[in-house]
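Student: The chain contents come next:
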Amino acid sequence: MESMLSNPLAVRILSHADDKLMLGHVQSDWTGLGPILEEDIASSAMAQDDLSHALTLYQYLGDRYDLDPDVIAFERSAENYFCCDLVTQSDEFDWAGSVVKRWLMATYMLIVIADLSKADDDSDLGARCDRILPEQELQVLHLQRWIIRLSNAGDEARERMQLALDRIAPLAGMVVEMPGHGPSPQESCLIRREEIFREWTAGLHETIKQAGLNATFSLPEQTQLGGRRSRHADHFKEQLVEMTEVRRVDPGASW
Amino acid sequence: MINASNSAKPAPTPSQEDPELLAQFEQRISDGILIEPGDWMPEAYRMGMLAMAEHHANSEIIGALPEGEWITRAPSLRRKLALTAKVQDEVGHGQMLYRVSQELGKSRDDMLRDLVTGKTKYHNCFNYPAPTWADIAMIQWLIDGAAIMNQKTLADGAYGPYVRTMNRINMEEAFHFKSGEDMVLTLMSGTKSQKKMTQAAFDRWWPVTLMFFGPADKPNAESRPPMRWRMKIEKNDSLRQRFVNRFAPAAQDLGLKINIVTKDDQGNVTSTTPDEAIMLDEESGNWTFTQPDWDEFWRVIRGNGPCNDHRLSLRRFSYEQGGWVRKAVGSGTISTPPAA
Amino acid sequence: MSKIREQLIQHEGQLPPGTPDTDHWIVYTQKKTEAPFKWAGSLNAPDTELAVQFAGEHYGLDEVCTSILTHHGSFAHDGPCGIEPLQPGDAVGDDGSSWCAFGLPRRGGNLTLVGTVNAPDVDTAIARATCQYANGKFVQFRVVPEEKIVISDGKGSLIWRLHDMTYKFARGYSKDVREKWTRIRDEEKYEDYRKEDIHKHF
Ligand SMILES: [Fe+2]
Ligand SMILES: [Fe+2]
Numbered sequence: 024m025e026s027m028l029s030n031p032l033a034v035r036i037l038s039h040a041d042d043k044l045m046l047g048h049v050q051s052d053w054t055g056l057g058p059i060l061e062e063d064i065a066s067s068a069m070a071q072d073d074l075s076h077a078l079t080l081y082q083y084l085g086d087r088y089d090l091d092p093d094v095i096a097f098e099r100s101a102e103n104y105f106c107c108d109l110v111t112q113s114d115e116f117d118w119a120g121s122v123v124k125r126w127l128m129a130t131y132m133l134i135v136i137a138d139l140s141k142a143d144d145d146s147d148l149g150a151r152c153d154r155i156l157p158e159q160e161l162q163v164l165h166l167q168r169w170i171i172r173l174s175n176a177g178d179e180a181r182e183r184m185q186l187a188l189d190r191i192a193p194l195a196g197m198v199v200e201m202p203g204h205g206p207s208p209q210e211s212c213l214i215r216r217e218e219i220f221r222e223w224t225a226g227l228h229e230t231i232k233q234a235g236l237n238a239t240f241s242l243p244e245q246t247q248l249g250g251r252r253s254r255h256a257d258h259f260k261e262q263l264v265e266m267t268e269v270r271r272v273d274p275g276a277s278w
Numbered sequence: 048m049i050n051a052s053n054s055a056k057p058a059p060t061p062s063q064e065d066p067e068l069l070a071q072f073e074q075r076i077s078d079g080i081l082i083e084p085g086d087w088m089p090e091a092y093r094m095g096m097l098a099m100a101e102h103h104a105n106s107e108i109i110g111a112l113p114e115g116e117w118i119t120r121a122p123s124l125r126r127k128l129a130l131t132a133k134v135q136d137e138v139g140h141g142q143m144l145y146r147v148s149q150e151l152g153k154s155r156d157d158m159l160r161d162l163v164t165g166k167t168k169y170h171n172c173f174n175y176p177a178p179t180w181a182d183i184a185m186i187q188w189l190i191d192g193a194a195i196m197n198q199k200t201l202a203d204g205a206y207g208p209y210v211r212t213m214n215r216i217n218m219e220e221a222f223h224f225k226s227g228e229d230m231v232l233t234l235m236s237g238t239k240s241q242k243k244m245t246q247a248a249f250d251r252w253w254p255v256t257l258m259f260f261g262p263a264d265k266p267n268a269e270s271r272p273p274m275r276w277r278m279k280i281e282k283n284d285s286l287r288q289r290f291v292n293r294f295a296p297a298a299q300d301l302g303l304k305i306n307i308v309t310k311d312d313q314g315n316v317t318s319t320t321p322d323e324a325i326m327l328d329e330e331s332g333n334w335t336f337t338q339p340d341w342d343e344f345w346r347v348i349r350g351n352g353p354c355n356d357h358r359l360s361l362r363r364f365s366y367e368q369g370g371w372v373r374k375a376v377g378s379g380t381i382s383t384p385p386a387a
Numbered sequence: 013m014s015k016i017r018e019q020l021i022q023h024e025g026q027l028p029p030g031t032p033d034t035d036h037w038i039v040y041t042q043k044k045t046e047a048p049f050k051w052a053g054s055l056n057a058p059d060t061e062l063a064v065q066f067a068g069e070h071y072g073l074d075e076v077c078t079s080i081l082t083h084h085g086s087f088a089h090d091g092p093c094g095i096e097p098l099q100p101g102d103a104v105g106d107d108g109s110s111w112c113a114f115g116l117p118r119r120g121g122n123l124t125l126v127g128t129v130n131a132p133d134v135d136t137a138i139a140r141a142t143c144q145y146a147n148g149k150f151v152q153f154r155v156v157p158e159e160k161i162v163i164s165d166g167k168g169s170l171i172w173r174l175h176d177m178t179y180k181f182a183r184g185y186s187k188d189v190r191e192k193w194t195r196i197r198d199e200e201k202y203e204d205y206r207k208e209d210i211h212k213h214f
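Those sequence lines, one after another, are chains D, E and H. Here the first sequence stands for residues 24 to 278, numbered as in this note's numbering. Here the second sequence stands for residues 48 to 387, numbered as in this note's numbering. Here the third sequence stands for residues 13 to 214, numbered as in this note's numbering.
If we strip away everything but chain D, and leave its shape as in the complex, we get (with noise of 0.2 Å):
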């Protein structure tokens, strides 16, 4: 675990299995309440797609560390994980909040890893990466499609999207935080960070325009500390603990 810990492309591969475990934590719990049977199944086959990525992101780690992938998903303290703040927001079962993060994130997750399919010269985590991407594209339709439907639907659901987009929005910057511990971060990530984040909120303007919508996107001061740095929101402490209630009945067992 420490030695996983303290190289910079693993902490790096383990920000974005933490941004998908912790995406399809909160979305997998909508299943059976969405608004439509319909899109209640889309959305869910979404959420799985979200924790099978994990799945492949944490297996590649494991099989590389020796360790267990449950374990490196389940059994890190808080500290370890390097998910953004973005993704353990809740979304309170508001869809219009659901659908804005999901898009953010799923357009966000198209450029981080087509970008980490070339960051090394191991084929096995190129692979992994190429067969993750079509089903990232895939959300990234469905969700554009989504907001821009919902925002042209007439003026209650507008506003929803609007209130939805005003909340999130200035969130959004902190999703290209360096992850790690480290004090002076000098990974290929970070120096293309205003690069990532010139690209990804270009495109999502482009979508934006198309909703009828508005927002603005800042890319926060480096000295501006969240969850990719370890400083996560209280209530990820509370999701962590949820999420492992079980495997804490009678650690180490088989379930």
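Worth flagging that the hints you see were computed from the coordinates, not collected in a lab. On a predicted model such as this, the values are computed, not experimentally measured, just so you know. One should not assume that every hint holds.
Calculated from the model, a selection of chain D residues having no Cβ within reach of chain H, i.e. all distances over 12 Å [said to hold, decoys possible]:
1) G55
2) D89
3) E115
Pairs of lysine to any residue residues, derived as SDA-like cross-links and limited to a Cα-Cα distance of at most 25 Å, are as follows [unchecked claim]:
4) H:K192 x D:W278
5) H:K50 x E:Q63
6) E:K199 x H:K201
7) H:K15 x E:E73
8) D:K232 x H:T60
9) E:K374 x H:Q22
10) H:K160 x E:S378
11) H:K44 x D:P157
12) E:K153 x E:A263
13) H:K15 x D:D257
14) E:K304 x H:Y205
15) E:K199 x H:E203
16) H:K50 x H:N130
17) E:K242 x D:P157
18) E:K153 x E:Q63
Just so it is clear, CB atoms sit at the ideal spot from N, CA and C, and this is done for glycine as well.
Given the structure of chain D, go ahead and fit chains E and H with the ligands onto it with the hints provided.
Tutor: Chains E and H with the ligands alone, transformed into the frame defined by chain D:
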């Protein structure tokens, strides 16, 4: 599903139907010919099938709730994925069965509203709590196991659209049941506390599963419409017996004790005594067993079970919370979809 | 569990007004390229865009699927449903527009895409489909104007996923379950118990 006739509205009695058409319809059914939507059918049959499919659909989407409580707590990524997919399947079954019902003449919105206002019912077994992870294993092993037995017979029914749908649903039930078996086997091959947790969950679910098939049939069940019209294929008692024959020895081999239990209003087990009746009757080949508490069954079905209010209020929350999305989707004008 | 699920939510007053159901769409899936499209189910959606997405995320993931065919319910025109397989009849001809023809192999079975026919109207299309494809194999035909059909083959956006989906199929558990059972019970007893499984699905 059982209790199909509970929510059926009054319909023309057989005597009001054209006797010649009715005789031809009944002849077809007794010849084992399936009914397709374009065929003539008595109004009572259409209403009965609607009530049955609607009740079944309601049960699927309410059935998604108790297990849904454990998605956030599943103990491994694979179990988390499997449970999400399982609950998603149940929503899918609900969607398909609402479609069968919609084609029989009732709008989905009306069905969802009737469900949350208590006008229509859903299966009784979902009014019980699932307080531990082992309850999830028991629901998938016992309740989905019982559902497979029941739905296999329903796939032998006479109404084409329902039969088609049932065949498709059963394909997925196979996964639910295997996943449940795998969990029960894992827990019962596990640690002492896992076994204890599993026995406690078994005590909660065994009597509920015996009730799953419904109360004893009326004496002339075969000649009454649900069975005469092949809406229902096998008697409740016969299904229950087949269930016990299969699961009682399996439970014992797993190391589970079959108990007679008493429960409080919250569905917690307050006392257990071994069910001495559990044994194989060599002559009939059947396992004998003690009947569940049928007074409790009627109490729960009338709305006074441990979780009735909880299930309906959460379902209503979902319905109300999603209203604006349905309104938006129904009324929206979409601009051209963005290029991928 | 999440707070919403945990609490007993109190509701007051009447339900808000309902919304009319969106349109009805029928979905057929193909298990592998070259395999025929078979009825999978139906759904509600307001337009083609959502219908196709919903079809993919539900029926496209229930079992292996390479392509999905969807059409609005109102474009389905069904001929009479026979008790016995239909006789072909003699409706030959090739004028008019193109219709997709689906055959129902037996009552309670699943409609299967058998091919296309040209015809000037619905009745002729059904008669020509019967003539061309009945061959003692179908009890009913459905025709749908070909131009009203949408096929998604997963090339534009994915249908069947690339990640390991064995967690959501019975076969993903069968081997483990058998192993675990036979540590407790002998094969014969296990096979006996397994008789109630739906065998073709494991
Ligand atoms: Fe089901
Ligand atoms: Fe099921």
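Student: If a hint holds in the structure, say so; if it doesn't, say that too.
Tutor: Hint by hint, here is what the structure shows:
Distance check for G55 (chain D) against chain H: the nearest CB is about 10 Å away, which does not clear 12 Å, and the non-interface claim fails. The beta carbon of D89 (chain D) sits about 21 Å from the closest Cβ of chain H, which is more than 12 Å, so the claim that it is off the interface holds. With a cut of 12 Å on Cβ distances, E115 (chain D) falls inside the contact zone with chain H, its closest approach being about 8 Å. Between K192 (chain H) and W278 (chain D) the alpha-carbon distance is near 13 Å, which keeps this suggested pair within the 25 Å criterion.
Of the supplied pair hints, the one linking K50 (chain H) and Q63 (chain E) is violated, its CA atoms being roughly 39 Å apart against a limit of 25 Å. Distance hint between K199 (chain E) and K201 (chain H) is fulfilled; the C-alpha atoms sit about 22 Å from each other, no more than 25 Å. About 52 Å separates the Cα atoms of K15 (chain H) and E73 (chain E), which puts this hinted pair outside 25 Å; it is violated. Distance restraint check for K232 (chain D) and T60 (chain H): the Cα-Cα separation of roughly 23 Å lies within the 25 Å cut-off, and the hinted pair is therefore satisfied.
The straight-line distance between the Cα atoms of K374 (chain E) and Q22 (chain H) is roughly 23 Å, inside the 25 Å bound, and the hint therefore holds. Note on K160 (chain H) and S378 (chain E): the hinted pairing holds, with a Cα-Cα distance of about 22 Å set against a maximum of 25 Å. Proximity of K44 (chain H) to P157 (chain D) is assessed by CA-CA distance (about 20 Å); at most 25 Å being required, the pair is judged to hold. Simply put, K153 (chain E) and A263 (chain E) have alpha-carbon atoms about 30 Å apart, too far for the 25 Å limit, and the pair is violated.
Our distance criterion of 25 Å between C-alpha atoms is met by K15 (chain H) and D257 (chain D), whose separation comes to about 15 Å. For the hint linking K304 (chain E) to Y205 (chain H), the alpha-carbon distance of about 18 Å falls within 25 Å, and the restraint holds. Our distance criterion of 25 Å between C-alpha atoms is met by K199 (chain E) and E203 (chain H), whose separation comes to about 19 Å. For the given pair, K50 (chain H) sits about 21 Å from N130 (chain H) by alpha-carbon distance, which is consistent with the 25 Å threshold.
The suggested pairing of K242 (chain E) with P157 (chain D) is violated, with an alpha-carbon distance near 42 Å, which exceeds 25 Å. Of the supplied pair hints, the one linking K153 (chain E) and Q63 (chain E) holds, its CA atoms being roughly 23 Å apart against a limit of 25 Å.
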